[in-house]
Each structure stands twice: as structure tokens, then as C-alpha cells.
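Asker: Chains as they are written, first to last, in the working numbering: chain A, 1 to 235; chain B, 1 to 235.
Hints are computed from structural coordinates only; laboratory data are not their basis.
Quick caveat: nothing in here was measured; it's all calculated off a predicted structure.
Hints should not be assumed to be uniformly reliable.
Selected chain A positions facing chain B (in silico; Cβ < 10 Å) [what the hints assert, rightly or not]:
{"#": "1", "residue": "Lys-3"}
{"#": "2", "residue": "Ile-61"}
{"#": "3", "residue": "His-117"}
{"#": "4", "residue": "Leu-119"}
{"#": "5", "residue": "Ala-120"}
{"#": "6", "residue": "Gly-125"}
{"#": "7", "residue": "Gln-130"}
30 Å max Cα-Cα, derived DSS-like pairs, lysine-lysine [what the hints assert, rightly or not]:
{"#": "8", "chain 1": "B", "residue 1": "Lys-28", "chain 2": "B", "residue 2": "Lys-132"}
{"#": "9", "chain 1": "B", "residue 1": "Lys-44", "chain 2": "B", "residue 2": "Lys-28"}
{"#": "10", "chain 1": "A", "residue 1": "Lys-44", "chain 2": "B", "residue 2": "Lys-132"}
{"#": "11", "chain 1": "B", "residue 1": "Lys-141", "chain 2": "B", "residue 2": "Lys-224"}
{"#": "12", "chain 1": "A", "residue 1": "Lys-141", "chain 2": "A", "residue 2": "Lys-28"}
{"#": "13", "chain 1": "B", "residue 1": "Lys-224", "chain 2": "B", "residue 2": "Lys-132"}
{"#": "14", "chain 1": "A", "residue 1": "Lys-132", "chain 2": "B", "residue 2": "Lys-44"}
{"#": "15", "chain 1": "A", "residue 1": "Lys-132", "chain 2": "A", "residue 2": "Lys-224"}
{"#": "16", "chain 1": "B", "residue 1": "Lys-132", "chain 2": "A", "residue 2": "Lys-132"}
Stretch by stretch, here's where chain B covers chain A in the computed footprint (C-beta under 8 Å, at least three residues) [claimed, not checked]:
{"#": "17", "segment": "20–33"}
{"#": "18", "segment": "62–72"}
{"#": "19", "segment": "75–87"}
{"#": "20", "segment": "220–228"}
Glycine included, every Cβ here is placed at the ideal spot set by N, Cα and C.
Protein chains: 2
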Amino acid sequence: MTKINLIGLDADDTLWHNERYYAETQTKFADLLSHYQPEEWVRKQLLQTETRNIEHFGYGIKAFALSMIETAVELTDGRISGQDVRTLIEMARGMINAEVELLEHVGETIPRLAASHTLALITKGDLLDQEKKVLRSGLGKYFTSVEIVSQKNAGIYARMLARLSVAPENFLMVGNSLRSDILPVLELGGKAVYIPHEITWEHEAADLPASGTRVFFHLDDFGKLPELVQELERD
Amino acid sequence: MTKINLIGLDADDTLWHNERYYAETQTKFADLLSHYQPEEWVRKQLLQTETRNIEHFGYGIKAFALSMIETAVELTDGRISGQDVRTLIEMARGMINAEVELLEHVGETIPRLAASHTLALITKGDLLDQEKKVLRSGLGKYFTSVEIVSQKNAGIYARMLARLSVAPENFLMVGNSLRSDILPVLELGGKAVYIPHEITWEHEAADLPASGTRVFFHLDDFGKLPELVQELERD
């Protein structure tokens, strides 16, 4: 029998839409620069700037906004207009103030899980943005702890589990990113449920681990999570 | 006798220089825009933009960078050049990668405090920036917990103390901001030591509480902190 003492849930694109807003903004961004450069090239350059800036600016909307502005200056040889720069900042403010839209089955599944298990929300990104989203989602009360971290690697998970006094084998992490939610938890000896999202940021892509073990599970529907947890604890 | 079970320490401009880098960047920013607007006006407008943006972008260097860019576009009626925008982003990257320079007496005082008391570092700002600064400062090992919060108000302190199982009357907070480090802690029934810094961001200014009580202390030297704590516990 496996006892699950803590279920960790990723937030963006696991509980609520997130990449969608980035994708929409990227499309607007490519449109804005379409006088200067072809759309595909704009997208490619933006991803390069974002990846290069992660070590300086980290994750989240503000980092994305700075990367958009920097890419725009580069791709226009400095000819981007002040008005267009203002538009980019407006886009970022729009993203920050966007509604929180829960993914399918999340709204009814989280209270069910919380009735039987301790839940922690574990997310990376800007502190203020993520706190606002937790608040707006209405789900905050179901989580015993909300962990906003600058990155998700085995060391970060290990420290968090130590602080919460949970052994890795009694921890189940649920998320849409193999790189951030699944692989580091399996590395630690924890269990993980991968629920892919229709859009995944390229930076988060990784190879799928071998399935069929009792530590890694692949679900296509968030609503099936309570049954999976039940089965897992019955085994 | 008063028992201090936890000493909270603010980081920026309490343990290490911070406002200095903002002040230097502001001067460069005013220089950059000096063709368009007088320096005083540039500084005033930047502060206004920053204050207006706090609710959207929060605190930290990325928020500051976006506010500089936005102010530059406004004050030049959109005529700011792409090259100048690039310079602003470079300034932000420079701030993020700046050395961590400890304030006077901090380097020897923190180990002394840590030998007798549990220390928590309590700071607001960008998660990644603050984590980097803790790492670079070499002081990380003296803190039992590092709390990076989106804002510092009585509710945030209360939740943190509850989580750490510390009663407010056994908590002593040390910092340079009346608004963030002192007033909310006194409001809760905690104790606070105000160590002013030569430069304080205008947004953090507040009126000085009445001194002479046994809950509020005003020090001009970080090095006097261990003696103050000793006296406090002796009373």
C-alpha cells in the first residue's frame, strides 16, 4: 500500500489557462512587427531572447515583456516607435490583469481531492502574479500551502518536502510540464502525474519517461485524478 | 523578561546596499532623457509611474525597468529611440547582476546573532533576484528561513508567524522601512528595531512611531543589535 501524504499541484496550465495568454500576445507581437520581419522569424527570435534572459529575469509576465521589448528593438534595428513600445507594455498589463479561467474538471476535482488529502500548490513565476491568480481562482482555501518558487528542480522539491516533513515516496506531484513537474520529482523518488496541456512552452518540453511503472502516470483528464489516487493507495 | 524566539531581518538596505543601485540608475535615466525634459521632472514622473505600476508589476528590478521604459516613452512623446530603450534594458540587467555589498557591521553581526537566536530573512521583491542576492551575500547559512513576500503588511507577518509557531510578542523585526518593517509588526503586538538607511525610497516613507516604549527601538548602527537584544531579554 502506498500512502500519499501530500499532493502537489502545478498551477499554470494544470489548474488554469496560462500559455494561451502568452500565445495570444505572441501573435499580436508578431503582427506588430510584421512590417519589419516575417512572423516565423519574429517568434523564433523572441524565444531566443526569452531563453537567454531566464538567468537574468526569471519567469513570468514581466520577464516576457522585457524580452518582447528587447526583441522588438533588435528586429527593427532600433526603429521601433515609442508608441509600439507602449503597446507592448499595455499587452503585459493586460496579461497580468487577465481573468483566471480554470481548466476542465478542475473546479469540482480540487475540492474532492482536498476532502481526503493535503494539497500544496507549487508554481514558479512572479510572486505577485501567482498570488493574484490563486486569489482570483477561488481555489486558495483548498491548499494547505502555496509554494511559489523561482525554479523547479530536485533540490527545490527536496527542501520543500523536508520543510513539510513529507518523505518523497509519499509525495505525488501533478502537472503539465515534464521538465518542471515530473522529472525532478521522479529523480527524488516521488510519484508524478503528467496531465499534458494543449500548448506547452518550448522551454518546458522534455522526453516522456517510461510509463507503466507505479511512480509515473499519464492522464488526459484532470477529473480522473481522485480515482488514480484511490487506486494508488489501494495497491 | 522578554523572550525573543525569532529575529526577522529585512534584506535590501538593512543587510546590503540596494537603493544605491536604483539611485544610480535613476541618475543615468535622467541623463538619458535630458534632451527632452529637465532632470527633476523626469525623476518625478518616474516615481509616479512606479507608484501607479505597483499594483500591476509589484516590486523589484523588472518592475522598475518597465516603469523606466514607460516613463521614457511618455516623456519623449514616443520619440525615444530603440537604442535608448535597449540601454534601459541593459541598465536593468546590470542592476540584477550587481555585486552584493554588505552594509557596515552586518558581516560580523549576523553570525553573532545567529549563535544565540533563530533568524529569518524577510524581504519583498522578485523571487529570483532576492534568491541570487542571498546566495551572493554568503549569509544564507545563518537564516533558518528565507521569506520572500510580495508585500509586508500585518496579515502577511501574522500568517508567517503562525506558520513558524512564534507568538508576535516573541518576534523582533529589524529593518530600514517604517512602512514595511516596523509599523505592521507593532500593529500585531511584535517588537521592531528601525535602522534607517541613508537613502529610502519615497514610497517606503512613513511617520516615526513614538519611541521610548519597550516595543520600538531606533538604532543608528547595525553592530549594536546583539546588545539591544540582550538588554531586551534581560528586562
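Asker: Would you mind marking each hint as holding or not holding in the structure?
Answerer: Now for the hints, and whether the structure bears them out:
1. Lys-3: With Cβ-Cβ at 24 Å, over 10 Å, it is violated.
2. Ile-61: holds (9 Å)
3. His-117: Hint violated; His-117 of chain A Cβ to chain B Cβ min 20 Å, cut 10 Å.
4. Leu-119: Violated, because the Cβ-Cβ distance from Leu-119 of chain A to chain B comes to roughly 16 Å (cut-off 10 Å).
5. Ala-120: With a minimum Cβ separation of about 13 Å from chain B (threshold 10 Å), the hint on Ala-120 of chain A is violated.
6. Gly-125: This interface hint holds because 8 Å falls under the 10 Å limit.
7. Gln-130: Gln-130 of chain A check passes; min Cβ-Cβ to chain B is 9 Å, inside 10 Å.
8. B:Lys-28 <-> B:Lys-132: The hint holds at about 24 Å.
9. B:Lys-44 <-> B:Lys-28: The given pair, whose Cα atoms are some 15 Å apart, holds under the 30 Å limit.
10. A:Lys-44 <-> B:Lys-132: Judged against 30 Å, a Cα distance of about 29 Å means the pair holds.
11. B:Lys-141 <-> B:Lys-224: The hint holds at about 21 Å.
12. A:Lys-141 <-> A:Lys-28: violated (36 Å)
13. B:Lys-224 <-> B:Lys-132: Given pair Lys-224 of chain B, Lys-132 of chain B holds - Cα atoms ~27 Å apart, limit 30 Å.
14. A:Lys-132 <-> B:Lys-44: Status holds; Cα separation ~29 Å.
15. A:Lys-132 <-> A:Lys-224: Judged against 30 Å, a Cα distance of about 27 Å means the pair holds.
16. B:Lys-132 <-> A:Lys-132: holds (24 Å)
17. 20–33: Answer violated; 0 residues pass the 8 Å Cβ test.
18. 62–72: Our answer is that it holds, as 7 residues pass the Cβ test (under 8 Å) against chain B, meeting three.
19. 75–87: holds (count 10)
20. 220–228: Check failed, 0 qualifying residues.
Violated hints for the displayed structure, listed by number in ascending order: 1, 3, 4, 5, 12, 17 and 20.
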